[in-house]
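Novice: Residue numbers (the numbering used here), protein chains in the order written: chain A, 319 to 575; chain B, 19 to 300.
There may be inaccurate statements among the hints.
[Claimed, not checked] Here are the simulated EDC-like pairs of lysine to aspartate or glutamate, each with C-alpha atoms no more than 20 Å apart in a straight line:
no.	chain 1	residue 1	chain 2	residue 2
1	A	438	B	203
2	B	218	A	428
3	B	218	A	557
4	A	468	B	198
Since the hints were derived computationally from the structure, they do not count as laboratory data.
On a predicted model such as this, the values are computed, not experimentally measured, just so you know.
For reference, the chains in residue letters:
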Amino acid sequence: MKTTAVEARDVHKAWGTFEALKGVSFNLYEGEVMAVLGPSGSGKSTLLRCINHLETINGGRIYVHDRMTGYEEKNGVLYELGDKKVCKQRASIGMVFQSFNLFRHLNALENVMLALTTVKKMSKKDAEGVARKQLAWVGLADKAKSYPSKLSGGQQQRVAIARALAMEPSLILLDEPTSALDPELSQEVISTICKLAEMGKTMMIATHEITLARDFADRVLFLVEGKVQEDVPAKQFFEAPATDRSRQFLRHLMTRA
Amino acid sequence: MAPRLEGEYHTLQVVHRKNWGAWFVAFVTLGLISLLVYASVKSRIINVTVFFHYLFSIDVIIGAKNALLVGTLSLLMASILGLFIALARLSGNPILVSVSAAYVYFFRGTPFLIQILFWFNAVPIMFPHIYIALPFMTTPIIDLPTINVITPFYAALFALGLAETAYMGEIIRGAIQAIEKGQSEAALALGMRRYQVMSKVIIPQLIRIIIPNTGNEYLNLLKSTSLAMTIGYLELLRVVTNIYSATFEVVELLCVAGFWYIVLTGIVTALQTTFEKIFPYR
């Protein structure tokens with residue numbers, strides 16, 4: 319029996335009058351890799367950011383391992399949780415951003431160590447050990463003392479992945495991890511994400527990168543203008559897309575590759 | 019004309035055209051400066067003996083020390099309070115935002131001199147007695163006539179400190195906003211609490227950004243301490259004017275004051291360079 323990692327029920331998110339998510343529902347099971355595809359502005363990033371409560375939601379429910387991130391339900395009303403509780407939930411969800419978002423005043427090693435010492439309250443020595451291991455895993459052991467400004471985009475993103483992994487998250491969210499990289503640098507990041515998938519990590523990847531979607535994803539969630547168009551196994555999406563919109567999107571995706 | 023062979027061109031000499039206009043102006047300027055020096059020496063504009071007599075006299079040095087003291091303490095006060103003003107302004111809470119915006123507008127809007135005079139002269143009239151006690155206490159925390167509390171030193175300190183808070187608040191706010199939101203989001207996504215994001219990510223980067231601006235403000239403050247002479251605070255300018263109102267050696271003593279202000283500026287500049295080395299841009 320597969321356990322559910324993420325369950326979204328009729329999620330709504332609006333900024334003022336603009337509705338970014340209009341009732342998104344899906345189930346993501348433990349160990350699955352889900353590619354979230356869709357044209358720009360379809361709500362892919364917003365969906366990911368709602369999952370770890372970087373954005374609030376206006377309606378619906380999101381459960382990560384049976385707990386609602388950021389909210390508590392009492393008598394059918396959602397109450398926002400306090401800072402401390404939300405942070406505890408966020409600690410078990412890792413996130414990788416399109417623009418890497420490394421801490422620019424810290425070197426690679428310190429970037430990976432920061433959350434370990436502040437959130438997990440590890441000693442500096444233990445944190446350094448874990449950090450070095452993670453950096454070695456992404457292939458950047460020799461860049462431990464380098465600062466983000468001295469690293470290439472691909473290297474920065476791999477440090478960002480190491481930073482997220484160090485916290486041993488049960489779910490990893492990747493928000494267009496290769497969109498800011500040229501094809502050559504994307505390759506190193508894609509290889510790293512491939513390793514993550516092989517390890518059996520539960521992941522949601524919002525992406526335009528067809529390799530990630532076609533070769534590593536188990537499922538595809540296709541969003542258009544905040545609504546789910548398709549929620550199918552990856553193979554099925556690429557071989558037999560159900561709607562015209564999906565077919566049109568695939569044509570564009572293929573021509574980019 | 020026969021075409022030149024390849025390789026002949028590099029042996030040709032090039033004679034650069036002299037900028038005769040600039041040279042002419044340069045000579046005239048040199049002439050005027052020499053004239054000025056000659057006239058000064060001839061009329062003995064400054065009595066060098068008197069200048070050196072007062073340059074290292076104990077009163078002047080104490081005056082310089084006092085200027086440095088008030089300047090430095092008010093900068094420290096302004097940096098800490100300014101951080102709170104900046105955070106209030108960025109908090110999103112409508113009351114905090116309005117109050118901090120009003121504070122900045124008000125305290126940047128009045129000259130330092132008025133604020134100094136206000137603290138020393140007006141506040142003791144408005145509040146003749148300071149009495150602070152908590153409801154359940156029998157003995158109060160503070161119970162003093164205001165005049166005893168507001169000495170020239172404290173008046174200058176409060177005035178400059180609170181005024182500078184408004185400027186530092188804006189400098190810090192600009193620095194916080196200059197640090198990309200993405201870094202805060204990444205820190206939050208890792209599970210860090212808001213205060214941890216502030217102390218571990220924002221503030222360390224903020225320090226490097228504000229160093230040049232803070233250096234400017236420090237220099238402004240040091241020289242603004244001269245305004246405190248109006249309330250009798252024995253900073254550098256007051257000491258110097260006290261001396262020359264008795265001896266009438268105005269020129270020499272003002273030069274002494276000028277000298278020490280330049281020395282203080284040198285100290286601040288050296289400090290700024292040191293800080294920029296300690297907190298380099300990565």
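Novice: Compare the structure with each hint and give your call.
Specialist: Hints versus structure:
{"no.": "1", "hint": "A:438 x B:203", "verdict": "holds, 18 Å"}
{"no.": "2", "hint": "B:218 x A:428", "verdict": "holds, 11 Å"}
{"no.": "3", "hint": "B:218 x A:557", "verdict": "violated, 48 Å"}
{"no.": "4", "hint": "A:468 x B:198", "verdict": "holds, 18 Å"}
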